[in-house]
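Add chain D to chain E, keeping to what the hints say.
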Amino acid sequence: MKVISKCVLAAAFVTGLGSAVFAENDAATDSVIKARQGQMQLYAHNLGLLGGMAKGAVPYNADAAKAAASSLVLLTQLDASRLWPQGSDEMSADNTRALPDLWDNQDDVMKKAMALSEAAAAMEIASGTSLESLQGAMGPLGGACGGCHKAYRAPEN
Amino acid sequence: MKRPLRYGVLFGLLAGAVGWWATAPERVPEAQFAALRGDVARGEIVFWAGGCAACHSPPQAEGTDRIVLSGGRSFVSDFGTFYAPNISPDPEHGLGTWKTGDLANAMLHGTSPAGQHYYPAFPYTSYARASPQDVADLWTFLQTLPASDIPSKAHEVGFPFSIRRALGGWKILFGGPPRILTGNLSPEAARGRDLVEGLGHCGECHSPRNALGGIDYDRWLGGAPNPSGKGKIPNITPAKLDWSETDLVEYFTSGFTPEYDSAGGEMAEVVQNLAHLPLADRQAIAAYLKAVPAVE
Numbered sequence: 001m002k003v004i005s006k007c008v009l010a011a012a013f014v015t016g017l018g019s020a021v022f023a024e025n026d027a028a029t030d031s032v033i034k035a036r037q038g039q040m041q042l043y044a045h046n047l048g049l050l051g052g053m054a055k056g057a058v059p060y061n062a063d064a065a066k067a068a069a070s071s072l073v074l075l076t077q078l079d080a081s082r083l084w085p086q087g088s089d090e091m092s093a094d095n096t097r098a099l100p101d102l103w104d105n106q107d108d109v110m111k112k113a114m115a116l117s118e119a120a121a122a123m124e125i126a127s128g129t130s131l132e133s134l135q136g137a138m139g140p141l142g143g144a145c146g147g148c149h150k151a152y153r154a155p156e157n
Numbered sequence: 001m002k003r004p005l006r007y008g009v010l011f012g013l014l015a016g017a018v019g020w021w022a023t024a025p026e027r028v029p030e031a032q033f034a035a036l037r038g039d040v041a042r043g044e045i046v047f048w049a050g051g052c053a054a055c056h057s058p059p060q061a062e063g064t065d066r067i068v069l070s071g072g073r074s075f076v077s078d079f080g081t082f083y084a085p086n087i088s089p090d091p092e093h094g095l096g097t098w099k100t101g102d103l104a105n106a107m108l109h110g111t112s113p114a115g116q117h118y119y120p121a122f123p124y125t126s127y128a129r130a131s132p133q134d135v136a137d138l139w140t141f142l143q144t145l146p147a148s149d150i151p152s153k154a155h156e157v158g159f160p161f162s163i164r165r166a167l168g169g170w171k172i173l174f175g176g177p178p179r180i181l182t183g184n185l186s187p188e189a190a191r192g193r194d195l196v197e198g199l200g201h202c203g204e205c206h207s208p209r210n211a212l213g214g215i216d217y218d219r220w221l222g223g224a225p226n227p228s229g230k231g232k233i234p235n236i237t238p239a240k241l242d243w244s245e246t247d248l249v250e251y252f253t254s255g256f257t258p259e260y261d262s263a264g265g266e267m268a269e270v271v272q273n274l275a276h277l278p279l280a281d282r283q284a285i286a287a288y289l290k291a292v293p294a295v296e
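Residue numbers (UniProt numbering), protein chains in the order written: chain E, 1 to 157; chain D, 1 to 296.
One chain only, chain D, in its complex shape:
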C-alpha cells in the first residue's frame, strides 16, 4: 500500500511541476524587438486597426480626448468586471518606462513586464496574430500620444478567476490557431484576414465563447450574446450578412447601413476607428468577410 502512495505523491509533484512550467507566462526574444525600428505613420494605422482607443480612452471620450489613453472604462463579464488600464506614456501610471519588447510581450503573449498573465479581456488572443513590425510601429506611435497621470483601476474578479497563474492553462487551451481562415486567398482578402483575425480582433465579440470564455473557432464570426447581457452581437458570416462589399465599405467609413440607419453602441466606436484606415484596408476587411465560411 505504501509504494503506490509514494508513486502517487511523486506523480502528483511531477504533474504539478509540469503544470507550473507549462503555465509560465511566455516572453518574446528581447534582442529581436530591441533591434526593430518603428514608423510613426504605420504605427497610427496599427493603432486605429487595433482599436486601442475604443477601450483605453476615458469613458465617453469624444474628439481629441479619444487619444488620451488614461483608461477607466469598465467591462462586465461572467468572470468579473475588468477596467481598461492607463496605457498613455506617463512613466508612473502608464507605459512610460516600457520598451518595444514589453509591448510585444503584452500583445503577442498576454504577459506583463512583471511576468504576470493578463486577463483575455485584453484581446491578445487576436493581437498575437500581429507581426513584430506592427508592434514596433505601434510602440513608436503610442509614445507620441499625450500622457495622463490617472491611476489604473484594479479589476474586480472573484475566486477562482483571480488566480492569474491559471490563465496560463487558459492560454494553452484557447489561444487559437495562427490563422483561422486557411487556403488560397486573394492578396486583398489576405490583408483583410490580418486585420480581422489579428489587430481588428473582430472575432472577440462576433464569435461565440464556451463556458470558460474560449472562442468557438468552429463558429467563427457566427454571432454571440452581448456580454453586457443586453442584445446580441450579430453573425457577420455570409449566412446572415448579405450586404455587398460596397455597402460594407460604406458602413466602415460612415457607419451607415444599407437602410441608412447608423451604427450604434460599441460598433459606432469601431466605425470611428475603421474610418481612420486607408480605403484599401476597409475594402480588404469587406473582401475577407465575403470569404469566411457561412455559420448558420
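In isolation and in its complexed conformation, chain E is listed as follows:
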C-alpha cells in the first residue's frame, strides 16, 4: 500500500509539474490578453464601417463615418498601462502573439502609439469631410496599425 501511494503521489507530482510547464495562463494574464484583444476587436469593428465605405460596399454617410472614427480616437486614448504587464508576451503566455521585443522597446512603442493617435485624429476629420478624403486617410491609418504589427507581433501559425 505504501509503495502504491508513493507511486500515486509521484505520478500526481509529475502530472502537476507537467501542467505547471504547459500551464494555461493564470487568471490575471488571461484577463489582460482578452482585454487588449477586445480593444483590437473594437478597432476592427469601427474600421469595418470606414473600410466598407472606402471600398464602396457601404454607402458613404458623413455622420456615421465620423462617429466610427471618433470611437477609434477614443480607443487610442484608453489607459494602456495595465494592459501590457510583464509576462504577457508570446514566449511566456498562451493565446497571444505579442513579441517580447515590445517590452524591450518602450520608447519606440510609445512613438508608434502616438502615430496611431494622430492617424485616428486625421481620420476623424477626413471621414466627416468627404468620401475621397476618407479613402485617402485609410492608408496612413492602416500604416499606423501596421507599425506595431510589423515590429511586435509574431506571424500567425
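These are calculated hints, taken from the structure and not from any lab test. Bear in mind that the values here come from a model prediction, so they are computed numbers and not experimental data. In this text, a Cβ means the ideal position worked out from N, Cα and C, and glycines have one as well. No false leads were mixed into what you were given.
Taking lysine-lysine pairs in the DSS-like style, the calculated list, with each CA pair at most 25 Å apart, reads: (1) D:Lys230 - E:Lys34; (2) D:Lys290 - D:Lys240; (3) D:Lys230 - D:Lys240; (4) E:Lys55 - E:Lys66; (5) D:Lys240 - E:Lys55; (6) D:Lys290 - E:Lys55; (7) D:Lys290 - D:Lys232.
Coverage of chain D stretches by chain E, computed from C-beta distances (three or more under 8 Å per stretch; other residues unrestricted): (8) 225-232; (9) 248-254; (10) 259-273.
Only chain D this time, still in chain E's reference frame:
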C-alpha cells in the same frame, strides 16, 4: 585496362571543362544598356514594385530612413545567414561606381561586376523577368538616393554552399521560365504578371522550394514554410485566398484585411512598398492573383 582509364580521364576533363564553361556567370550586352536612358519617375515605381527598401534599408528603418539603402538586415536560411549589402550611391561601400549594365547583370543574371554569382537570397530569379528599360529607370532613380558609407557585411555561409561557382549550376536548374502564367490574359492581368512574377518577386516567399532552394513552379504561390522557422507564408492562389479584388486592393493600399486586422511582419513592409504604386498597378496585381491556377 589502360585505354578505358585514359578515356575516362579525358571524359572527366571534358565534362569538367563543359561544366566550368556552363557555370560561368552570364552578362548582358554592355552596349545595349549603355545606350538606354532612364526616367527617374518611372524608376521610382520600379523601386517600390521591386521592394528594394524592404531588404536594403537599415534594420528597423522607418519613414525617410527607408530610402537610405545602407543594408545590414540579416536573412536566416537553411544555407546560412545572408546580409543585405549597401546599395546606396556611395562610391566605396555602395554602387557609386556602377553603370546601367552592372545593375542589369545583377538583376537579370545574378552576376556581380567582378563576374561572381550572387546568392539567390537576392531575388534575381524573379528580377530576371524585368525589362531592360525597367533596369535603366531604376538605375537612374537609385542614383538620386542618399549615400551611406556603412560597409556591407559578409554572408555567413558554410561549405559547400560557400562555393559560388556552384551557383552557376543552381541557376541552370532553378532559373525558372520567362513567364509562369501563360495563355491569354487581359492587359490588366498581364501587367499584374509583370509585377508579381518579376519585380514584385512574390513567388520567392509565397511558393514552396525544394531541398536545394529551387522554386517549385508546379505549386506557384501555393504557400511555404517561413524560412525563419516560425509560422507559414500563406497560399495566395484562388484555392485559399478568397478575397474579392476590391479587398485585395484595399489590403495592398492600407494593409487592412477584410476583417480589418492589419498586415504584420514582412508583409507589412511589402504593403508599405505597394502603397507607393499607382492604383492601377495594385488592381493589376489583384487581377493576376485571381487568374493563377488554384494550388490545393
